[in-house]
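> Sequence:
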Amino acid sequence: MKIRVLNGVVSVRTPTSLRPHNSSPSICSSDSSPALFDSCHARYGSTEIMSTEDTALPVWYIAPISERDKSGYLWLAGILSLVYVVSFTLLRLWSNRAQLVLDDWISTLATVFGIAQCCCLFVAVSAGIGRPATSPASRHRADKAVFATILFFSMAHGIAKLSMALLSRKLFGMHKETLCNASLGLISVGGIAFLLLLLPGWNLSCPDTIIFTTECTPHYGRWYAAAGLDFLTECILFFIPASCLWDLRVAIPGKIGAISAFGARFLAIVPMFLNAWFIDQSQKNTAHDLMDNARPLMMIHTAMAVALVTTNTSALSSLARPIKAIYCGPDFNDSRLSRRRHSQMHLPGQVKHGGHRRDNTSQQNLTLEHGRL
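First residue of the sequence shown: 1, per full-length UniProt numbering; consecutive thereafter.
Warning: the hint list may mix true and false statements.
Simulated restraints on C-beta separations [what the hints assert, rightly or not]:
#, residue 1, residue 2, range
1, Phe239, Ile192, 16 to 22 Å
2, Glu177, Ala264, 22 to 28 Å
3, Pro132, Leu186, 41 to 47 Å
To be clear, the hints were calculated from the coordinates, so they are not data collected in a lab.
Since the structure is predicted, the reported quantities are computational estimates derived from the model, not experimental observations.
Don't be surprised by glycine CBs; every beta carbon is placed ideally from N, CA and C.
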C-alpha cells in the first residue's frame, strides 16, 4: 500500500497486483446516479467516489482524501488501530507466556471485539461512509455497520476495564482484597451502564446522509454521559494501584513505571470527550459536511486503540515484576494462589512432625517442667 499526493489529492494506493483484471480507466463519479455508482463499485471493487472536478485517479486507489471524499481518514484510522491493538496484545501474551492467567485472556477477548470493531468500520466505509452520494441500500448497510461498530467498541472498552480490575486484584488483592473486589463489581456495573447509554436510540434506517444526527443516533447528552462514566471508572481503576504503591518499599523507577502504566489509561478519555463534542456539533448545526461522519468514528477507534494498548502495556511482566517481588516473591502468579501459599507457610515457632504441627514453645516448656521434677 502506498500513499501518493497528486495535484493536491492525497490517496492510499494498493499494489498493482491487487488491481482487478477487468478494471477500466473510468471513474465512479459522485455526479453519477446511485444505481450507476453501485454498478461501478460492484464491477471494479473500488471504494472511491470522485467528482468531475477532481483529478482523475486510477480505480485501484481505495482511499482517496479530497474535498468530496473523506473515506481515506477512516481507512487509516481503522488500519492503524488494528495494527497497534494486535501488536500489543501479542506482546503481552509473549511477555507473560509463562504465567498466563485470567486477566490476560480477558484482555485477549477485548482485542477480539476490537478487531470486530475495525472490520465493521471497513464495511461502513465500503458502503459509503465519508462519501457524498450513495444509494439507499448502501446507506442502510452503512447505518447497520456503524451501529455494530459502536456495539463492539462498547464491548471492547468495557472488557478492557474488566481486565485492568482483574490485574489489580492479582497484584494487590492479598492486602486489599475487599477494595479490589468492590472495584471489580463497580467496573462491571459501569460497563453495563455504558452499553445502556449508547445502544438505545439508533435508527438503522436513517434517511440522512450524515449518521450522527438527532434523527439517527442517541442524543449528544448520552455521549457526554458515557465519557463522564468512562472518566469515573478510570479513577476507580487508578485509585487501587496508586494507594498500594504509595507506601510500597520499592525503587523509585519501578514505582514510577508501575503508576505511569496504570495512569496512562487516562489518555483514552480525551478521544471520548472529543467524540461527544463532535457529535454535539453535528446534532446542533444545520450545515453538515462529510467530516461529520468521519470525526466521531475516528475518535471512537482512537479511544479503543489507546484503551487496549494501555491495558496490555500495564500487564507486561517487566512493569509488574517489582510489585510481585515485594508482595509475594518472584514466583508470584495469582493472588488466590499466593494467599494459599502464604496460608500453608509455617507460623513462627511451629514445625511439622509426623504429619502434625507442634508448638516449639510448648515443647520447651514441657521439657523444663520435667527437668524441675
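> Could you run down the list of hints and mark each one as holding or not?
Against the structure, the hints come out as follows:
1. Phe239 / Ile192: 16 to 22 Å: Holds: the Cβ-Cβ distance is about 21 Å, inside 16 to 22 Å.
2. Glu177 / Ala264: 22 to 28 Å: Check passed, 25 Å falls within 22 to 28 Å.
3. Pro132 / Leu186: 41 to 47 Å: 45 Å, holds
Hint check: no violations occur; every hint is consistent with the structure.
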